[in-house]
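Q: The whole structure should be built from the sequences, with the hints applied where relevant.
As you go down the protein sequences, you meet chains A and B in turn.
Numbered per the working numbering, the first sequence spans residues 1 to 117.
Numbered per the working numbering, the second sequence spans residues 1001 to 1110.
Rather than coming from a laboratory, the hints here were simulated on the basis of the structure.
Any given hint could be a false lead.
[What the hints assert, rightly or not] The calculated lysine-lysine pairs, modelled on DSS-like cross-linking and capped at a C-alpha distance of 27 Å, are:
1) A:K44 - B:K1102
2) B:K1042 - B:K1102
3) B:K1102 - A:K62
4) B:K1045 - B:K1002
5) B:K1002 - A:K62
6) A:K51 - B:K1045
7) A:K27 - B:K1045
8) B:K1042 - A:K44
9) A:K51 - A:K27
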Amino acid sequence: NAGVMQNPRHLVRRRGQEARLRCSPMKGHSHVYWYRQLPEEGLKFMVYLQKENIIDESGMPKERFSAEFPKEGPSILRIQQVVRGDSAAYFCASSPTPLQGSGNTIYFGEGSWLTVV
Amino acid sequence: RKEVEQDPGPFNVPEGATVAFNCTYSNSASQSFFWYRQDCRKEPKLLMSVYSSGNEDGRFTAQLNRASQYISLLIRDSKLSDSATYLCVVVNSGYSTLTFGKGTMLLVSP
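A: And the structure:
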């Protein structure tokens, strides 16, 4: 049973370029979460999606960042016009059901490490 | 006050020692609680859930004190492989996601 799959694992972009990070959830999971971890910092929630819907994007920066989870294919986190401060590890996670009241938790992919030069 | 607070450490202990971490959370309506473990430049991995009655998994024991809003993790007979950062995690009522503490670093030495 494959876990959460993320690619690319490592990505280098020049300032001003676009970064696209992909995430395929665990089999049977339809809930996807994106977290960002800056160097020496904790994990910060960015966005929660279910197939074709953004459920909670309260952690997403207002500009340059977007996320989608189409009916077919992986979830995509897109960062436009990257800046040095976007350099971080971006983790995707998935769960089989919503978390509230379920007692369930989330399972992480190995992460995508973005470096902006 | 931060939503989830942990002592960043590091906690330096010898092999075989017993070590305990605490974590406090600010939202009294928090529903679910977990400990995750994160190795350097790796993804967080679920270590164990935390229940009000307390739960044990081998050398690891987790406790929840709702009245005082804190969670603890006890590791007995520490192994070198226990060296990692331990993340305290809560699911808050009204939120759809997990909130992570910054983590407590544990270093176990021979």
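Q: All hints, please: hold or fail.
A: Results for each hint:
Between the alpha carbons of A:K44 and B:K1102 the distance comes to roughly 9 Å, so the proposed pair stays at or under 27 Å and holds. Distance hint between B:K1042 and B:K1102 is fulfilled; the C-alpha atoms sit about 15 Å from each other, no more than 27 Å. About 24 Å separates the Cα atoms of B:K1102 and A:K62, which keeps this hinted pair within 27 Å; it holds. Pair hint B:K1045 plus B:K1002 holds up; C-alpha atoms about 23 Å apart against a cutoff of 27 Å.
Of the supplied pair hints, the one linking B:K1002 and A:K62 holds, its CA atoms being roughly 22 Å apart against a limit of 27 Å. Our distance criterion of 27 Å between C-alpha atoms is met by A:K51 and B:K1045, whose separation comes to about 24 Å. Under the criterion of a C-alpha separation no larger than 27 Å, the hint pairing A:K27 with B:K1045 is consistent with the structure, at around 18 Å. Distance check on the hinted pair: B:K1042 and A:K44 sit about 16 Å apart at the alpha-carbon level, within 27 Å; holds.
Annotation: proposed proximity of A:K51 to A:K27 holds, straight-line Cα distance about 13 Å (limit 27 Å).
Going down the numbered hints, you'll see the structure goes against none, and every one checks out.
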